[in-house]
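Here is what each chain is made of, one letter per residue.
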Amino acid sequence: MFKSRMVKVLSLMLVLILAFSVVGCGKKEEPKKDGAQGNPNELSGTVQIAGSTSVQPLSEELAKEFMNKNPKVKINVAGGGSGAGIKAAAEGTADIGASSRELKAEEKAKVKEFVIALDGIAVIVHKDNKIADLKKEDIKKIFLGEITDWSQVGGEKGKIQVYTREEGSGTRGAFEEIVLGKDASGKELKIFEKANVQNSTGAVRTAVAGDKNGIGYISIGSLNADVKAVKVDGAEATEANVKAENYKISRPFIYMTQKDPAGATKAYLEWVLSPEGQAVVKKHFIPVK
Amino acid sequence: MKKEQREKYYKLMLLASAMVALVVIVLIGGFIFKEGMPVFAKYGLGNVFWGRKWQPSSQIYGLWPMVVGTVYITLGSLVIGVPLGVLTAIFLAELAPKKLVSLVIRPAIELLAGIPSVVYGLFGMTTIVPVIRKIARSIPAYADEPTLSSGYGIIAGSIILSIMILPTVINVAEDAIRSVPREYKEGSLALGATHWQTIYRVIVPAASSGIMAGVVLGMGRAIGETMAIIMVAGNAPIVPESIFSSVRSLTGNIAIEMAYSSGEHTQALFATGIILFVFIMIINSLAMFLAKKEVG
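Chain order of the listed sequences is A and B. Mapping of the first sequence onto this note's numbering: position 158 corresponds to residue 160, and the numbering continues sequentially without gaps. Mapping of the second sequence onto this note's numbering: position 37 corresponds to residue 1166, and the numbering continues sequentially without gaps.
Only chain B is shown next, with the shape it has when bound in the complex (with noise of 0.2 Å):
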């Protein structure tokens, strides 16, 4: 074989391997929205995403607890893992000795990233949800009302997808810091300022998109997460008056319902994977446009 003729061959074959991810994305969203659309077709795209009430069984298709219950798990994982995450990152870039990094915080990080999910639902109902019982319990204003004292609900759901988030937001988070230029801390220190001012004043500020885009994909993963918040979440199709709530995600609607459902009630939980879609375009194209102007 010439080499011109074998160079060819290998182009080809690797503009072939990245067909297919473009081609699994172009099927699975052609899919989804030609099973789901029927529904928003037939019952109005606006009474299904703003409807409060979910009754399959009685043709009432209704999105809306689902969109508030994911919107208010994806905030409050967020509301605690953010912090933890970036705080982590910055000890990791910054401070943390060498040996101590890549003996026991980096490995335990991986490992946090590689337990299945199903592992943290079990976890967090067997461990979390019977504390939050107990301090709903003696809250007396939520002690009478079944749906606030379960022990499932929205607190759960963000404690146990904060531990889920923080390898996504202190990975990311960490190369962004690693990567502001070594001049400007050398400036900064130079100017006599102390390491902790040229962390919250120089490096921070500067890796902040690179963060911010740390955090937008852990809020990525968050949305997505469908297990372990099925376990934890108590999945009563309610919009949500407290943290203490129970509360149903957008995945656990379609994974709850997918294995009996059948005819409309299967296009329904479509329609809910369409929105599911959308979030996830919306909030993949936001960490996008974030780690691009780091770079410009």
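The following block holds chain A by itself, in its conformation from the complex (with noise of 0.2 Å):
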């Protein structure tokens, strides 16, 4: 009959599924008894990482990767920003401090620094704009709302249209620190708030090629021929540029540790800053090597 044939398939089917499932959570044991016998000098050890928050993300694609290569090393990245990440390793509650800025020269005293990676970030507006070269300062009065039209800057009349990313992006929050800074009174300034909103660095850049009077930035690495790269301040935006320190919009991502490194932390800050760990930061950073 039909309907018997039905839940002989139905329980068939279940009975597969247990099965299955049964064997799936076997295979998972089986390559950590492997791991564990397998080699006896393998690297162990915990690493804890803390500080600046736009290293973080980078942090924890380098930790993940080098923690698939060295399955006994565990690797803890945490935030808390730049300066809490130079306090942590000076005072060694963490093994690396990460910084998103330059040290001072009473804060290079106190650690080792490590430059792991630069951060540049290029201001583009539309192939047809005929400005080539702005002025930090004014790329920063555009930006902040002062600046509103493209003729107070040396070109053609026309309302300027800002394109910014969203709050929390990393390279909004570099933007917004190395190119706006603080004002008098030590407050952080913001993008203005009437600035379009785009949430990736595709769509400022597609936003910007089609909006003749537009204005944003994004990664140097995300540059294409869609869209123009003004000078800033007459250096052009380049990798090239951003390593000889010659363009300014851009940081350095340093590492930090209270003495010289020893056993894990040593391992891994030697792989970030070999090739294998260079391509990892090349996705999205330029490698310092």
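Calculated from the structure, these hints are not laboratory results. Treat the numbers as computed from the prediction; the structure is a model and nothing was measured. Any given hint might turn out to be false.
Just some of the chain B residues that point at chain A, by a computed CB distance under 10 Å [said to hold, decoys possible]:
1. W1183
2. S1187
3. M1254
4. V1258
5. D1273
6. E1274
7. P1275
8. T1276
9. S1278
10. A1365
11. I1385
Even glycine gets a Cβ: it sits at the ideal position worked out from N, Cα and C.
Dock chain one against chain two, each of which comes alone in its own frame, and use the hints as you go.
What follows is the structure in structure tokens.
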């Protein structure tokens, strides 16, 4: 009968599903055992990283990759900000502190620093925009909404259309930190709230590519022929100029340790600066080696 | 297996399937409320809901711009989409030749419903936004104001959404019109009324609560739409001053900022979700109420 056959098919399916899930569980256990017996000299230990939230996503990606290669190493990545990272490294509360700004002289004395990556942000405009060069100060005023017409910075008349990334984006954070900075009372300046918000690098690029009066910012690695990157204070937005410190809208990503690193921390730092680690860096930032 | 026993198993199986939906909605609702409530508790429900400034990096979480933005875009889409949808429904149910409907119009409407929202967004971003930008820049009062002359904003969002809600409005309204008893129509025609008089004096009023249910369901779809809106609305978190203004929706607020948010910022996005959840619940109960009225 049809109905009883359906019951049989259903129960067969259920049995199969159960069987597979049991097999699945069994398989998961196996590699662990192999790993434990396989290599007695394998690297092990924990590394605690804390500091800049801008470096955090990169650290997480690097840590994931490193832990895949060295299953017995555990790397914990926490945020807290560059200031907290420098403090943590100086006091030894974290194995590695992370900073996304240059260290001051007195800070340099307390820690050993390793620049692991560079971050550069290009300011982009429409391809037909006559403007080729902007002063950093003017870019700041444009993104604060103080300069509103291209003619104020030497271009053709036309209202400037500002495109920005969403709050919380690392690129926006870096741009605000480097270009806008703080006001006289020490309050961090923000991009004016009437700016158009796009939630990805590609969306900002597309928006600016389609708007004659548009201006936006994207990471240097994401530039393409659809938009024009303006020179900032005379320097072109290229990786070479970021490395040579000619291009102003850039910053280093720095790892710091209290003393000479050892054990898992040392292995991790060496790996980050190796071609393999730098290849991970290259996905979103500018490698240093 | 005995017949009664088998019967019981089937019933259990069906009950279990039905329970999944219930359990999932309770879990999702519970999760959103659990994650979002701390922000309301810390800053006050009123301050968050009525707050006019959204600046998470400075711990300012005002959702009012997004609430207003969502309402404007939704109303705009209804203004364009409902007349179009209802007239189409009347045409399909009353006037159109059967062949035309089944071969051309209905497949087209179904296709409209099947297009992914990101494609609508892309279409809007590359074709509708530039047209609106041109219009806005030709209006002297708007040309000087960047947020009003970008082309991104309420109008672009409303136009895209009005297309997206069409299938919902048309299908529900058409069903409502078709379910008007034959006798109404026959009676009206027998009294000497023309076909058009019958349609707008008898059939549409008789189907009105069903049509309203379609409108309300379309409204729910409009409020919940995310991707297409993000791509054409400009997303500036400001209370709009004009229909040309850049605007951010509640859904857009969550989708745009979730990826990189952390801590309290994430909770504030869940709080946005709570408000959205309540909006949708109100709208769905309204639709259910209207649909029930029709039957009774």
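message: Checking each numbered hint in turn, tell me which of them this model violates, lowest number first.
response: Checked against the structure, no hint fails, so every one of them is satisfied.
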